[in-house]
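Chemist: Each chain, letter by letter, is given below.
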Amino acid sequence: MVSRQFDLVILGWGAAAFSAAIKASELTSGGATIAMIGKGPIGGTCVNVGCVPSKYLLEASHLAFNPRHPRMPGVGAVGPKLNFGKVMDGLRAYVDHARSAKYEEVIRHYPNVTLIEGLGSFLDERTVKVECPSGGEVSGSQVIIATGSTPTVPKIDGLKEAGYLTSDTLWNLNELPRRVAIIGGGAIGLEMGQALLHFGAEVTVVEALDSLLPQGEPEIGEALKERLEGEGMRIHLRARVGSAGKSQDGKYVEVITHAGRHQVTVDDIIVATGRRPNTGTLNLEVARVKTDERGLIITDRTMRTSSPGIYAAGDCVSKTLFLETLAAREGVVAVSNMFGQEAEIDHRSATWAVFTYPQVAGVGLTEKEFSRKNGSCSFRTLSLANLTKASIMGETDGLVKITVNPKDNKIVGMHIFSPSATDIITEGAYAVRHGYTVEDIIATSHVFPSLSEGVKLAAQSFIRDVSKMSCCVE
Amino acid sequence: MTSKNVELRVFVMTCDNCARTVAQGLRSQKGVEEAIVDVRAGTAEVTIEDSVITPEDLLRVPIFGERSHYKALVKRAE
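Chain order of the listed sequences is P and B.
Residue numbers for the first sequence, in the numbering used here: 699 to 1172.
Residue numbers for the second sequence, in the numbering used here: 42 to 119.
Because the hints were derived from the structure by calculation, they are not lab data.
Keep in mind it's a predicted model, so treat the numbers as computed, not measured.
Hints may contain errors.
Output of the computed footprint for chain P on chain B, the stretches with three or more beta carbons under 8 Å from beta carbons of chain P [as the list claims (entries may be wrong)]: (1) 58-70; (2) 80-88; (3) 109-118.
Not close to chain P: a few residues of chain B, all C-beta gaps over 10 Å, as computed [what the hints assert, rightly or not]: (4) 43; (5) 44; (6) 45; (7) 46; (8) 74; (9) 75; (10) 77; (11) 91; (12) 92; (13) 93.
For every residue, glycine included, the Cβ atom is placed at its ideal position computed from N, Cα and C.
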């Protein structure tokens, strides 16, 4: 059996793994020998079956939907000719391009990095056995576990036999399903649901919790629900799917709510009920790496695991936010620490987003989270009806909510429901990370009229009633 | 007093002068009893007084600091 020794062994070849490999290469001027062990398409979830294809699909769907629903008087509705198969061909071609440009071509510039295709599992704290045709053992002075996660599928009677799609397989569609049931109303379910809705499908979402996006502000969950229902999406909260199966006219799901049971007939069922970490086959016990009850690897803020010399990064790590950007940062933090450069992950100012239209984005604590920890808080919510740019666009459904520490007026959380919320939220990230106050936001120039001005108006609403304010008041 | 032998993997050394500089940088640290640097292997064998300095502390000495272009990993400590 072949045995190879490296300075650094990375299990996984997604965002966290790439980020770690590149950081280690940069720190050592390409001197560190690095093994990256992975299975499936290089680049991991984000580029292949996550952020990249989902955002492509959403953008295409909005282009199909918005001309049919103009928001200005005098601009008539038109219906673009849709060829869904070509949209999906374009999506898959773009994913291939992004994987090639951002991963395959990039790693060719790092001759110190060896890609090993196969499933790795620990033999001891420093040695990994790789299950692949050539077989072999790989040892490293240091190890990073960055194996990512996989969609979960709940046990529902008849679901397997009926057949279903997940965020791993949706991208293989060539025909638009006329009717779709989505099990799970989280970020992934809502994004896929709105995309298919905007292309013209009838979409039913079944969510077990009593609100959408409960990790954010409840006003935003409610406003998003109203918006999606206004577009025609059927949303069942506090509901579950009792069974599924094939019917004469396609498939069915049996939806159970407080009102009883009813069947929804669909062409496709999409399961979006969450993800589980890819840690089950790693043999973590022999490496003395501890996991939580969900199988997620426990780390401290330096990304060290319970086993000295073994770090973890990305979606296999125990935490509350599972994001590509956070995974990449965790890879950098892990490598920095193994080279003696002290670094900690900052989850507090990590931004998260849901790419529906309008978008949802957040950073820091919600009003409820801060109050629970500190007893009280101060917050203001700005309706986009008060924002000139949003009014011009006819996009007044949204809001900006800022939460501050009442003791020092420092911003501790910002949550936005607005077009371009994913761009605007960076201002919130700076504010939370650096402890800016609402006065700092007010004193900072914002373009008029712009959507980002909504952040400034939300800050101004701490000191005056902005619904009675001239737009030139500073 | 207990001594510990630590093997470091040292990166970006290109010549004997680099090896001397790294060895001096290690030896100047309190708790480092000896440091033998091999430029070809890219390693440093360091003997430390482990009640004074840990293997991980060696990575944070100025010769491996953020402004230095030399960087190190702990390969073995026993």
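Chemist: Each hint should be assessed against the structure and marked as holding or not.
Modeler: Here is how each hint holds up against the structure:
1. 58-70: violated (count 0)
2. 80-88: violated (count 1)
3. 109-118: holds (count 7)
4. 43: holds (18 Å)
5. 44: Label holds. Min Cβ-Cβ 20 Å, cutoff 10 Å.
6. 45: At roughly 14 Å from the nearest Cβ of chain P, residue 45 of chain B sits farther out than 10 Å, so the non-interface label holds.
7. 46: holds (15 Å)
8. 74: Residue 74 of chain B is indeed farther than 10 Å from all Cβ atoms of chain P, at 20 Å.
9. 75: holds (20 Å)
10. 77: Label holds. Min Cβ-Cβ 18 Å, cutoff 10 Å.
11. 91: Residue 91 of chain B is indeed farther than 10 Å from all Cβ atoms of chain P, at 14 Å.
12. 92: Given a closest Cβ separation of 18 Å, the condition holds.
13. 93: Nearest chain P Cβ is 17 Å from residue 93 of chain B, so the label holds.
The structure fails hints 1 and 2 (numbered hints given earlier, in ascending order).
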